[in-house]
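Trainee: Here's the letter readout for the chains.
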Amino acid sequence: MTILEHRLSTRTKHGSGVYLRLLFLLLAAAPVAGGLLYGLAYSFGLTGALSSGFTLQHWQQVLASGVLLQSLAYSLYIAFAAITLATASSLFLSLYFQKSLRTGLLSYLLYLPLTIPAVVMGFLVFQLFTKSGLVSRMSYGLSWISELQQFPDLVHDSIGFGIILAHTLMAVPFLTLLFHAIYREQNLGQLQQVSENLGAGKVYFVRHIAVPMLLKTAAPNLLLYFIFILGAYEVPLLIGSQQHPMVSVLAVQKFQRFNLLDIPQGYAISVAFTLFVLLLLTISFKKLQRHA
Amino acid sequence: MLRKSLTAILASAILLPFLFFAVLSVGQAWFYPSVMPQRFTLANWQQLWSGQSELQFGLVRSLILGLGVAILSTLLGFIISKEIALAKYKNRWLLLAYWPFVLSPVVLAILVQRFFLLTGMSGELIGVLLGQLILAFPFTVIFFQSFWSPEVLQLGQQSQTLGASAVYTLRYVLLPLAKPLLLICFFQTFLISWFEYGLTQFIGLGKVKTLTILVFKYVNEANIFHAALASLLIMLPPALLLWANKKFVFRGI
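Protein sequences, first through last, are from chains A and B.
Going left to right, the first sequence walks through residues 1 to 292 as UniProt numbering numbers them.
Going left to right, the second sequence walks through residues 1 to 253 as UniProt numbering numbers them.
Possibly wrong hints are sitting among the right ones.
Reference excerpt, derived from the structure (chain A facing chain B, CB under 10 Å, subset only) [to be verified]: (1) GLY17; (2) LEU36; (3) LEU46; (4) SER52; (5) PHE54; (6) LEU128; (7) LYS131; (8) SER136; (9) SER241; (10) PRO245; (11) SER248; (12) VAL271; (13) VAL277.
To be clear, the hints were calculated from the coordinates, so they are not data collected in a lab.
In this text the structure is predicted, and so the values were computed from the model without any measurement.
The beta-carbon is built from N, C-alpha and C at its ideal position, and this holds for glycine as well.
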């Protein structure tokens, strides 16, 4: 151990470091751990207004009704569809508009959509794609439809078109900038020249070198973004289907009903979702590390 | 030619939300099938600047929360991230920092709601600030890990070995080195608060009306003109800041 390391570790053990770490635990870990324990206790009937001792009743109700599994499956479908569409679009944009992203108009403009939060994006998609929205009005003006009812249901629909579109639109600028940054950091431009000198065509370079490298490097970010969409609340609340709520919306719905017996179910859903996300993260990061 | 056309389409799509909300914010009636509102007025904007308007209060509340969360989380994150960087099991500590960061804010709000109810902070500005801090603080700890490299730590140590006090080292060695990152972190944590909806709604019980809460409220009331104005108020300040500081703000990410 060097003198420096010795001094630093001594300070960590006996100095103010202990208090700082406690503060870290208090602000970062305690809310989640405490909340999870409280949620678990509530969902098992150990606490709460109507608690009557340990029971599996609330978990059984949530699992037997299938509402949690349906909601989780629907959330996974939305997140998978949105991240796939966004990744494909971003790969195209970052590879096709290399120059414009480096020095041209897009190098400035592409940062602007990052200033649109989920609630505003939900409102925007609603105003554009609802039956009386801007696209419907333009379609009417172009005589593509002759009345409002002919415009398809693109928001509040069961296949989640609106939610997928809103999340794709939010993800594309971020992922494009990410892929562009990776492209520069990994010197893919030079690799392209080398591959061309060795006789590879542009399509071969994109398919066998650029795309795999970009996806592999961006994998942790893609995973985190997938989880972000999985727990989305604002967009599905604004433009989602009433029959198919995403998990976060379902959990909040249970809390906002007048029936007090729904609250333990709300906690059960929240705890189950939290554990699912933590499990997904742990497994995925281990796999990613193994393949790194 | 194709590339230029596609660039023009892309640029238009990017600018569309800003133009669309700008037009709606000065509109008064928008009947189907008109593409543009029937009447235009500055009344909505004038209401914003007149005293006691809901939007004005929302803007001020969002600013207070954003600045409060940004200042507190950046300062705490800068100091505590050093301890985490020096920790023996650094990765395990960092894993804890990811917990609240990866959870849906509204699910996190559900889990911690009891604490805020017990302490009487539910429905209060301070409660929302603390709730948003739970989201922003772990982010700053992760964010500053890249700063505490062995070189920086040694530099601080050398300064103290040469006789400088801890305060002097912090003020004249570490803070100047960290200044760009501190500003980026401040900006990003401000945005975390500025854009937050789910946790604010749940812990604030709908009483702490920030701009995002107002957008939702106006949408539910079918008042699209006020919702558009509130949306613009959310988007414009960070957009202007980004436009001006693009290279600076995103340099270290």
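Trainee: Against the earlier hints, flag every one the structure doesn't satisfy and list their numbers going up.
Mentor: 3, 4, 5, 9, 10
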